[in-house]
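A.B. asks: Chains as they are written, first to last, in my numbering: chain A, -13 to 332; chain H, -13 to 332.
These are calculated hints, taken from the structure and not from any lab test. Among the hints, a few may not be true.
One copy or two, either will do: identical chains are not told apart, so a pair holds if it fits within one copy or between any two.
To be verified - With a Cα cut of at most 20 Å, we get these calculated DMTMM-like pairs of lysine to aspartate or glutamate:
1. Lys314 x Asp139
2. Lys272 x Asp261
3. Lys203 x Glu190
4. Lys58 x Glu208
There are 2 protein chains.
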Amino acid sequence: MVYGRGSFNQLDEIVAPQRKDGMPMVFLIDHFFEDTPLFNRVPLRNNDKIIYADVSYEPKTTYVDAIAQELKEEFGSISGVIGIGGGSTLDLAKAVSLMMNNPGSSADYQGWDLVKFPGVYKAGVPTLSGTGAEVSRTTVLTGPSRKLGMNSDFTPFNQIILDPELTSNAPVNQRFYTGMDCYIHCIESLEGTFLNEFSKSYGEKALELCQYVFLQKEIWDEECDDKLMMASFAGGMSIAYSQVGVAHAVSYGLSYLLGVKHGIGNCIVMNQLEDFYPAGVAEFKKMVAKNKIEIPGGICKDLSEEKFDVMINVSLGMKPLWENALGKDWEKIMTREKLRALYGRL
Amino acid sequence: MVYGRGSFNQLDEIVAPQRKDGMPMVFLIDHFFEDTPLFNRVPLRNNDKIIYADVSYEPKTTYVDAIAQELKEEFGSISGVIGIGGGSTLDLAKAVSLMMNNPGSSADYQGWDLVKFPGVYKAGVPTLSGTGAEVSRTTVLTGPSRKLGMNSDFTPFNQIILDPELTSNAPVNQRFYTGMDCYIHCIESLEGTFLNEFSKSYGEKALELCQYVFLQKEIWDEECDDKLMMASFAGGMSIAYSQVGVAHAVSYGLSYLLGVKHGIGNCIVMNQLEDFYPAGVAEFKKMVAKNKIEIPGGICKDLSEEKFDVMINVSLGMKPLWENALGKDWEKIMTREKLRALYGRL
Chain A
-13 MVYGRGSFNQ LDEIVAPQRK DGMPMVFLID HFFEDTPLFN RVPLRNNDKI
37 IYADVSYEPK TTYVDAIAQE LKEEFGSISG VIGIGGGSTL DLAKAVSLMM
87 NNPGSSADYQ GWDLVKFPGV YKAGVPTLSG TGAEVSRTTV LTGPSRKLGM
137 NSDFTPFNQI ILDPELTSNA PVNQRFYTGM DCYIHCIESL EGTFLNEFSK
187 SYGEKALELC QYVFLQKEIW DEECDDKLMM ASFAGGMSIA YSQVGVAHAV
237 SYGLSYLLGV KHGIGNCIVM NQLEDFYPAG VAEFKKMVAK NKIEIPGGIC
287 KDLSEEKFDV MINVSLGMKP LWENALGKDW EKIMTREKLR ALYGRL
Chain H
-13 MVYGRGSFNQ LDEIVAPQRK DGMPMVFLID HFFEDTPLFN RVPLRNNDKI
37 IYADVSYEPK TTYVDAIAQE LKEEFGSISG VIGIGGGSTL DLAKAVSLMM
87 NNPGSSADYQ GWDLVKFPGV YKAGVPTLSG TGAEVSRTTV LTGPSRKLGM
137 NSDFTPFNQI ILDPELTSNA PVNQRFYTGM DCYIHCIESL EGTFLNEFSK
187 SYGEKALELC QYVFLQKEIW DEECDDKLMM ASFAGGMSIA YSQVGVAHAV
237 SYGLSYLLGV KHGIGNCIVM NQLEDFYPAG VAEFKKMVAK NKIEIPGGIC
287 KDLSEEKFDV MINVSLGMKP LWENALGKDW EKIMTREKLR ALYGRL
């Protein structure tokens, strides 16, 4: 990994030894950056290709499969995939890398340790801080029957470049929602049952950095971008030996059914989790108030019982998350009725 | 990297994919563990070889060259080197790995970015916490003309296994001296001029963990081993974008001339550095007192001026360390006379 302001300029040098004869490097870039100055800084060589990733929606398995298929048809194989963007773009890049070398559909690999072969070389360059997608061993995808990641030892990037300069133009709301993904990771990890000293020390550091930028600082400046990028990294590392918890498990149902994006979905759920994380939720609400953010409410009010059932099924399918949050007997604690009531309040 | 109590048991599975036909895995083990139960847990297969590393002295370039030469003569090449031990053993393992694939003597590569080719696969399993050798991009060696590391992008381990159980039998003094290597890293990194947010967040966490185990805790228990192992890792990560400082620069002279081991050497020097790190030295002295450790003194009292000159030359050769500690104009601040006086006080 490389960290530092301006480190994006090292990308050309970093990918050079990974180039294979005749095979392009594919730059998968968040469409937010189309026609921005960042384009001119992408180190294109030979038959390299830029793909602007449409991240209006969370990444779908069908989208991953389509990109991988097109690349195979056009080039046979490629030298690597460089993801430049927020969590969705990074997850897409990881998934496309894997699908260049694994048969079938990415939907076949949603779960834990199902991926069979390493992907092509992949590098991640986050332009938003908070998701931890830059370090995680998953790539969260919405598939035909679930929203679930391709969790595997082959999933993490070979290389990450953390350049806080790239996050400076993020819209304030988006920056907050994504930053809260990190904050919520920390609470879920530190309050979880899977915690060990590795996860704890990373989680505590990430939490402290989030508290600094979202509560202590009076204005947002370069220091905040620097620190939030480290928080995101540390929060992601914390999850490596731990798991997320209730907010993520519930928010996955929202994303699956309603297409609610991950960051804001987590915030909508966290806002209602006093019973599970009382101190964390109180602090979260302070952060919301101090940063003058509005968290949407009432998003489930017109849904049919059938649709509640869909969300409940998706959510209860996230067994490791529930077990981390509530212990081995989680099914006795989080009943369908309780989860129905919680969704009803969102 | 893998972290956790008992994770040493994963070593067999972890190295399996790295084995190459007919080429042994070489386990380089601290001689402290000869005839201990750890021996039976080393996952030997086929023509694998155990070498007990003599770490009575700090690793020498001649020792590295001799091990690499013997392995080449016996096997041609090897699948990899697994270092199991304290910082000296880990540094030896890294250096031997590099010298399996680089021509000449390891002394030719003492410096920054001189190593030409990647080494063979290498994994590190620390049995003492504090040096950061498990993550550093150097391998500190005493050569014919200097004590200096092979600093390069090829130097870090491919894999590390952090199992705090392995540190539980360390002698109390040794544990303290080595732990202080981490504490001193943190002070030198956090008070240095090279600091960025990456180094800062790791350094702060490592510092906090050291303070907890050496000042807050009343007895040494498993939690201390767990936390000190994370502190060592985080302290090493902190140095990745920073540098050590005055204590290390001065202590290298002691090691070169007198063979003083790194951990205790740093403590001897730190004990006299009030002028450079006033708060850090005060806290260091509290740790020494609380842990009932004696720091030797008067070790330079019978040395000739010629020998002082040797130490001064070795120390002033560590330019990046001095620049980190004192800024670009360090040569005006740390004159030969001042350094002579400091050595005289040790």
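A.B. asks: Going through the earlier hints one by one, which of them does the structure break, listed in rising order?
C.D. replies: Numbers 1 and 4 - these are the hints that the structure violates, sorted from lowest upward.
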